[in-house]
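Using the sequences and the accompanying hints, generate a full structural model.
Number of protein chains: 4
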Amino acid sequence: MEIERASIQLAEAVKAASDYTGQGKVAAYIPELAKVDSRMLGAAVCLPDGTILSAGDADVPFTLQSISKICSLIVALCQNGQKHVFERVGKEPTGDPFNSIIKLETIKPHKPLNPMINAGAIAVAGMIQGNGVEQRLDAVLSLLRKMTGNPALSINEAVYCSEKRTAARNRALAWFLKDSGVLATDVEETLDLYFRHCAIEVTAKEVARLGMVLAADGVIPETGERVIPQEVARICKTFMVTCGMYNASGEFAIDVGIPAKSGVAGGIMAAVPQRMGIGVFGPALDEKGNSVAGVKLLELLAKEWNLAIF
Amino acid sequence: MEIERASIQLAEAVKAASDYTGQGKVAAYIPELAKVDSRMLGAAVCLPDGTILSAGDADVPFTLQSISKICSLIVALCQNGQKHVFERVGKEPTGDPFNSIIKLETIKPHKPLNPMINAGAIAVAGMIQGNGVEQRLDAVLSLLRKMTGNPALSINEAVYCSEKRTAARNRALAWFLKDSGVLATDVEETLDLYFRHCAIEVTAKEVARLGMVLAADGVIPETGERVIPQEVARICKTFMVTCGMYNASGEFAIDVGIPAKSGVAGGIMAAVPQRMGIGVFGPALDEKGNSVAGVKLLELLAKEWNLAIF
Amino acid sequence: MEIERASIQLAEAVKAASDYTGQGKVAAYIPELAKVDSRMLGAAVCLPDGTILSAGDADVPFTLQSISKICSLIVALCQNGQKHVFERVGKEPTGDPFNSIIKLETIKPHKPLNPMINAGAIAVAGMIQGNGVEQRLDAVLSLLRKMTGNPALSINEAVYCSEKRTAARNRALAWFLKDSGVLATDVEETLDLYFRHCAIEVTAKEVARLGMVLAADGVIPETGERVIPQEVARICKTFMVTCGMYNASGEFAIDVGIPAKSGVAGGIMAAVPQRMGIGVFGPALDEKGNSVAGVKLLELLAKEWNLAIF
Amino acid sequence: MEIERASIQLAEAVKAASDYTGQGKVAAYIPELAKVDSRMLGAAVCLPDGTILSAGDADVPFTLQSISKICSLIVALCQNGQKHVFERVGKEPTGDPFNSIIKLETIKPHKPLNPMINAGAIAVAGMIQGNGVEQRLDAVLSLLRKMTGNPALSINEAVYCSEKRTAARNRALAWFLKDSGVLATDVEETLDLYFRHCAIEVTAKEVARLGMVLAADGVIPETGERVIPQEVARICKTFMVTCGMYNASGEFAIDVGIPAKSGVAGGIMAAVPQRMGIGVFGPALDEKGNSVAGVKLLELLAKEWNLAIF
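Protein chains in written order, with the numbering used here: chain A, 1 to 310; chain B, 1 to 310; chain C, 1 to 310; chain D, 1 to 310.
Honestly, the hints are just simulated from the structure, not real lab data. Since the model is a prediction, treat every value here as computed from it, not as a measurement. There may be inaccurate statements among the hints.
[As the list claims (entries may be wrong)] Once the Cα atoms are required to be at most 25 Å apart in a straight line, the calculated PhoX-like pairs of lysine-lysine come out as:
1) A:K164 to B:K15
2) D:K164 to C:K25
3) C:K164 to D:K164
4) A:K146 to A:K35
[What the hints assert, rightly or not] Residues of chain B placed beyond 12 Å of chain C at every Cβ, according to the derived structure:
5) E12
6) V26
7) K35
8) E189
9) F252
The C-beta atom is built at its ideal place from N, Cα and C for all residues, glycine as well.
Below you can see the structure in the form of structure tokens.
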């Protein structure tokens with residue numbers, strides 16, 4: 001990949017995809033997210049040697065939201081092992097919206113179908129060990145600081161508080177999990193941890209680095225330091241394909257074909273095996289909760305650079 | 001109705017139905033309820049002149065549980081009017097278990113289908129007005145004290161606390177209602193009120209009096225004092241037919257044919273229009289949550305005394 | 001009930017309810033039904049002595065559609081007994097639309113929840129015995145001829161053919177029942193029988209007589225001849241309360257309070273125990289499939305004549 | 001890949017996986033399939049140069065069943081284009097069993113979520129063009145004959161007839177699709193075509209060749225002849241990952257990680273991009289409908305040869 005040419009192509013793709021920002025809306029159910037300028041779009045690419053290309057609003061901070069589901073899954077798997085984790089959360093895509101509660105009742109046993117829907121991610125948060133919320137949060141934050149190379153990575157308190165105040169649906173999911181015995185830890189503490197994960201603040205550049213670490217099977221590009229076991233990285237990339245883009249994952253797999261995870265703040269983290277990590281920020285969302293322009297941008301890049309894994 | 005003969009028939013019916021107590025189990029999900037002797041069975045009949053006949057364990061105290069759904073609905077209707085109440089809770093039977101959450105998501109708008117399922121009763125609890133939980137509870141308690149003629153009617157604290165500690169599913173329902181905008185009041189305060197209603201302690205004799213007041217269209221038998229508007233009494237009896245026996249209501253309507261409301265402590269309150277109220281206590285439940293022997297007993301009485309309204 | 005005054009009140013109620021015909025639409029999914037004038041409204045009352053009062057379009061023929069579900073249930077119960085019938089179809093209201101297929105899959109065993117939804121009525125049609133469709137149809141037709149006193153009662157061939165050609169959803173339901181083992185007879189023959197039942201042509205006056213026979217516990221008013229066992233009549237009236245008006249049955253029970261069954265051709269058959277049968281014809285339907293003006297009309301009459309059974 | 005060593009490893013893997021045949025059962029709902037010996041297990045690998053390795057029952061003929069869903073999708077896409085096809089069938093995994101009908105009603109518009117569940121495959125069969133069933137079948141058969149290199153490939157008439165006689169659930173699905181307007185063609189003809197596709201008879205060796213053509217992006221290994229457009233091959237492989245193993249697709253993606261499609265006759269077709277096609281035959285199925293020993297075998301091979309795409 002020729003860096004200069006790739007830079008130009010990235011800028012052109014961001015420009016082309018920007019036209020689509022008008023087709024979406026910023027997330028309204030978390031008041032703090034609703035304040036963001038819906039026309040923003042930024043992207044960054046992190047290459048195996050750590051080089052970062054970027055275009056557009058690639059330095060604007062935003063919160064991870066559902067992208068954090070990958071991070072907490074990594075920590076939960078490392079702390080508890082696959083057996084423990086997958087006894088409490090499944091591996092199947094659902095076809096339902098990310099905040100749906102139906103299958104918690106209809107599927108027996110009542111465990112969430114996968115860790116990428118809210119119910120599953122709350123169950124995963126419940127498995128993160130530590131002495132109190134702060135310490136449990138640190139387990140995730142310290143992983144992310146290593147992956148991004150930014151030791152100052154922290155939480156956006158306004159978003160965290162906004163989400164915590166308005167998270168009635170997530171509370172319903174958590175209490176249902178409690179009732180089913182899936183959630184062993186305290187409900188409010190677990191939700192508090194979940195909201196904090198969601199509110200970790202990053203930029204598209206940092207997200208590109210997260211993607212690159214996964215693309216490199218769990219190794220920090222420049223240093224070669226392993227921060228995620230290879231097996232865990234593989235599991236994450238698989239979930240990103242089957243469930244990463246909410247109930248548009250199947251469509252995204254066909255139309256774009258890159259393992260990716262989106263969040264309702266407008267971020268998308270993509271991992272092209274061995275080749276690159278991509279971070280996108282575009283807060284205007286489609287009705288399923290994915291960045292409208294971000295998806296379009298990844299589609300353009302996937303075609304331009306032939307990134308599809310299939 | 002000849003009193004003496006009726007007394008004998010009631011005693012015989014209780015004796016015959018007692019054989020069925022072995023086919024059920026006491027409610028296990030509320031620890032305090034699980035301690036009760038499952039072989040008990042008692043019944044009382046209250047006639048229009050206030051006469052009370054009884055047999056078996058008719059003086060054993062038990063908690064109203066879901067029977068309280070009728071009482072809180074009465075208060076909510078009196079305080080807010082039909083329009084306000086039925087904009088927030090429907091009038092349709094569901095076919096689903098009493099604690100099901102599925103239809104809260106699938107039905108648009110997301111309001112509970114009726115006030116006899118848990119979700120609907122929690123929504124109704126949210127409409128009971130008053131300054132704090134104590135005052136809101138008093139609105140229900142004072143109605144019940146009038147209806148039963150027992151000014152000392154109060155809450156079983158052990159059951160209340162037991163239920164409050166273990167009510168994860170009800171919390172899930174309440175938070176879902178909060179998310180949908182159906183529940184305007186504070187979730188924990190509303191649940192607290194709901195648990196207290198459920199824990200009001202009565203005997204089969206007192207429940208028979210509750211039934212008689214409804215059977216008399218809202219009037220206290222002896223005094224003739226109106227304590228419930230006629231229209232509200234009619235609405236309650238209708239709900240008792242269409243939704244009173246959980247998702248066995250349709251079957252009960254055909255096999256027995258009396259407006260009735262059951263609770264998981266084993267109580268059933270039945271109202272035979274103009275003729276009598278019946279109170280039953282039999283803690284062994286079938287899988288849908290109704291007193292096994294209690295249902296059988298009402299079936300026997302309905303045949304013996306030709307009580308079916310259809 | 002004073003006849004003359006009642007006649008005037010009926011005429012006034014029809015006139016008042018006529019204003020509501022504009023709020024509904026004729027059934028469009030059966031092409032032949034879509035041709036009907038949506039502004040029509042007629043009603044007839046049949047009293048215990050056989051006297052018939054009527055107003056509006058009470059002599060306009062229309063097809064029974066779902067009202068026939070009561071008739072085929074009567075025949076099935078008489079031919080097979082309660083045990084056989086209710087092993088194959090339940091007694092519970094559903095909360096779902098009349099043509100819903102969901103609960104056939106979610107409820108175990110896969111039997112229809114009640115005989116008033118399409119799936120249940122198709123299952124019931126499968127239980128009607130006879131040598132070929134003609135003979136099985138005659139079992140229903142001859143009952144109806146007795147009940148209405150009209151020996152010429154027959155099928156509207158155009159509606160029957162129209163329905164048979166366009167009944168894809170009903171075929172889906174029937175095949176699902178076949179797959180579940182609920183339907184033992186040939187699918188196409190059973191559907192053919194079902195479509196013929198639905199296409200039996202009546203007037204509001206005849207429907208009023210049907211209602212009166214049920215109101216009289218199964219006896220022809222003038223002659224005193226018993227044509228339906230009392231127990232079967234009671235079962236029918238109970239289903240009319242809990243499931244007779246599709247998934248608006250609960251609402252109708254509260255707002256009107258009369259056992260009633262509606263059909264998508266715009267008919268409603270109501271049975272006021274011991275007092276009267278009411279036949280209504282108003283083809284403009286609400287979104288749940290009930291006659292808009294017909295429901296309003298029954299609400300007016302119920303208030304005027306105090307007909308509610310609760 | 002060293003051929004000799006690979007042959008030994010394949011034989012060892014088949015031997016090891018054979019122990020798992022006892023944990024499953026042959027499909028019972030199609031009588032003809034129920035006659036098969038559940039202890040069989042065979043596998044074949046087709047390499048890019050056309051070399052075929054095999055072990056166990058690799059020459060035993062069996063019917064494609066759901067593996068044919070990939071073949072009919074290829075034909076439908078080639079004949080109609082992506083736009084036409086995906087307007088009638090979605091791209092999302094469902095989390096529900098392959099023969100579930102629920103989402104056809106709950107999802108609006110009522111189109112099947114993907115072409116790998118029965119409803120979706122029936123919709124796809126409806127899009128295959130031709131003059132009559134024979135010609136429509138030939139479109140699929142001639143593709144398969146090219147892909148396998150076996151010009152005599154044909155239908156197992158006994159299985160076809162057995163399936164056609166007992167396919168009540170598929171008829172329910174097809175009629176629901178007809179009702180929703182998804183299926184434009186005649187229901188019985190479309191089902192007939194669908195049953196014939198399912199009954200195409202192959203061996204594990206032939207299935208390995210099918211997989212290799214997809215692995216090679218649509219090109220016949222030896223000749224280099226393109227028989228499937230690259231884009232269509234990519235789409236198929238993506239569906240194989242997200243929905244190929246029924247509602248165990250997500251689990252298979254994580255545990256094995258190879259694009260694969262299974263059928264209830266016990267076959268699995270796997271395509272390892274650029275590297276190999278794998279055909280498996282093991283008729284003992286798990287409860288979700290996948291070959292128990294076949295899945296285990298692929299898991300062993302994926303680890304041995306590092307085949308996972310993630």
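Violated hints - listed by number, lowest first: When the structure is compared with the hints, numbers 1, 2, 4 and 9 turn out to be violated.
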